[in-house]
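Student: Residues per chain, in single letters:
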Amino acid sequence: MILEGIRSVLLSPMCILFIFIGVFIGIVFGSVPGLSAVMAVCLFLPLTYGLTPINGISLLCALYIGAISGGLISAILLKIPGTPSSIVTVFDGGPMADRGEAGKAIGTAILVSFIGGIISVIALIFLSPVLASFALKFTSFEYAMCVFFAMTVIAVLTGKQPILGLISAFFGIFLSCVGTAPITSTVRFAPTSSDLMGGFDTIPVMIGFFAISEILEYGFNFSKEQKKPVIKTAKIRGYGITLKEFVHNIRLIIQSSIIGIVIGILPGIGGNTGAMMSYSAAQITSKKPEEFGHGSIEGLIASETANNATTGGAMVPMLTLGIPGSGTAALLMSGLIIHGIQPGPMIFKTNGTLMYGIFTTFALANIFMVIMERLLLPLFVKMLSVPKNILLPIVVVMCVLGCYSANHIVFDVICMFFFGLTGFFLRKWKVPVAPAVIGFVLAPTFERYIRTGIINERGSLSRLFTSPICLVFLILSVIFIAIPIVRGVRSRKAQKAAEGGAEQPSQEE
Amino acid sequence: MKFKFSKKEADILSSLVLIAFGVVVYIISMSYNIVRMENDLTDAWLPKVCGGAIAILAAVRLVGALLNKDANYAKRVERSAEDISDTLRGAGSVLLLLLYVFSYRSVGFIISTAVYLFVQLTIYTEKGKRHWLLTVAISVLMPILLYLLFVKALNYTLPTGILG
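Chains A and B supply the protein sequences, listed in that same order.
Going by the numbering used here, the first residue of the first sequence is number 1, and it counts up by one from there.
Going by the numbering used here, the first residue of the second sequence is number 1001, and it counts up by one from there.
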């Protein structure tokens, strides 16, 4: 059955062609801010009706893998996450591009995306039943604590300025409260607006805060921007990362892959949570934690490995339990159902050949992705040589297009503008915008699960302290919040001491 | 204004705005404090936490700013000619983007994008360095190419506006 499944993909030129096309289109969708994996799969789902099951599903899976990986391109080059999964990639990929290492950053991200993807495929093949039963142990409280743990990435980002970072995070969480509340469906902060009833969409918030605010800032700092030296991007060999750096980071790649797979299998959590959790973990275990957020290759590796590792993990509950863990997984599941395949515990018995065909597709799509993105790498880097005065207006047009295309409503585009303006003022007041986006993305899941958990436990919070999974997340969260803050305070003290030491001789003079 | 705000003034002003915002969020949240389901936390708890936390954190920042006696922190800097031109350029871009966003549906993708690109490229290029042919080429070709790609190739719907 296994060999038959592998053969059904590898011996079919049409299937290989569909995977190739899917990966390419996925990369394009992922790299354009606003266009997401969900949109790519949604757009091509009707096209698969007339195809054989394996060809149709292969096309959709390839689109998914290409789009998740493509998000790294705009995240590094433009500091705009192409997909929510790439939000964390911006923190270190952007600064690396600023210092002329765009090629190295993209090359490394492509390579680790591939490794994360392949490790997740291996997990998908050999551990599906075990992983699925692990996911079933999670009740609402476990999910809530898992998301809370992912939120600790805010502490990593705000170590030196905890007050401003927390203000930003709470502002983002507040934005997520606008619209229909979970559980009761009460409309909050939008009593008269039908557009706001569903709350703000992630794409306008993400693009507004990251892209539009920076583009507006360019206009207000125009003279300073003109005086900045032109950054020359260093030529790269291979994937940019040296063998020594790669070997040095193997432990981190494995650690991030495991986090990505484990988070991927939890329905409703997603690639962004995996990347954020992996980033926090990498900072805590790093020997150079102070470099995180300033162009750390470890931060980049942690984010990109984990978000691609979630792709295989996300398939586990969908295939083995029939629970789609994300929007994309739900579309892939409908793709299977359309072709008469019912996901669930019996799927390996009823459609074993197709299952192993899907696993082969995942592996092949990852291989196509790593080759295709490497070939396109010089073209991506070339984008940085376009003068900013030309590039930025074009980016605005792409952002507007991406925002509009998500739901086909102008309201999203208007929201994007207002979030851009808000982000601009926050930046002007030295309030970092990244915690706001993270708070916005994660808070709805946290609120839903914590409230459901409390209702299920009849008002008791005791499970938070008695469930081993909750306890592990709780203890880890405390550690992960405390360490960056302590490090931040220490480095500030050391900085002050150094400044004091430097001033003393001049005072004596 | 002849002078820019000092860092201290900017911090005080931004803290006051944030305190006001936090208080307003908290007060509005109180209206959601209705128990609709047994043992539920109510719809008010998370926005109340956010409003309260923003107000408290901004107040801490305000006190910090008021107590900071550093002369450099309170020093005002005179606005240069460059600063004024940058402010105009920035404000012009904000206004232009606002017009673009609001005319997107009524005027249509192609025309609103072409006008936006032309004006924005002009604003973001220094006077002596403007290349009109390139500006016009980008402004005209970019929206048409994107329209063809999204509407014809990818089957998306974009606002046609007055051309429709």
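By construction, these hints were calculated from the structure, which means they are not laboratory data.
Any given hint might turn out to be false.
[As the list claims (entries may be wrong)] Reference listing, derived: stretches of chain B covered by chain A, where coverage requires no fewer than 3 residues with Cβ under 8 angstroms from a Cβ of chain A:
hint	segment
1	1035–1047
2	1136–1150
[Stated by the list, open to error] Computed cross-link-like contacts, EDC-like style, restricted to lysine to aspartate or glutamate with a CA-CA straight-line distance of at most 20 angstroms:
hint	chain 1	residue 1	chain 2	residue 2
3	B	1127	B	1070
4	A	428	B	1038
5	A	430	B	1040
6	B	1069	B	1126
By construction, the Cβ of each residue, glycine as well, lies at the ideal position given by its N, Cα and C atoms.
Student: Take the hints in turn and mark each one as holding or not.
Tutor: Here's how the hints hold up against the structure:
Requiring three or more residues with a Cβ within less than 8 angstroms of a Cβ of chain A, the coverage given for the segment 1035–1047 of chain B holds, as 9 such residues are present. For the segment 1136–1150 of chain B, the assignment as covered by chain A holds, since 5 residues bring a beta-carbon within under 8 angstroms of that chain's beta-carbons and 3 suffice. With a C-alpha separation of about 40 angstroms, the suggested pairing of residue 1127 of chain B with residue 1070 of chain B is violated against the 20 angstroms cut-off. Proximity of residue 428 of chain A to residue 1038 of chain B is assessed by CA-CA distance (about 44 angstroms); at most 20 angstroms being required, the pair is judged violated.
A threshold of 20 angstroms between alpha carbons decides the hint, and for residue 430 of chain A with residue 1040 of chain B the separation of about 37 angstroms lies outside it, so the pair is violated. Taken as a hint, the residue 1069 of chain B and residue 1126 of chain B pair is broken in the structure, with Cα atoms around 40 angstroms apart against an allowance of 20 angstroms.
The earlier numbered hints that this structure contradicts are 3, 4, 5, 6.
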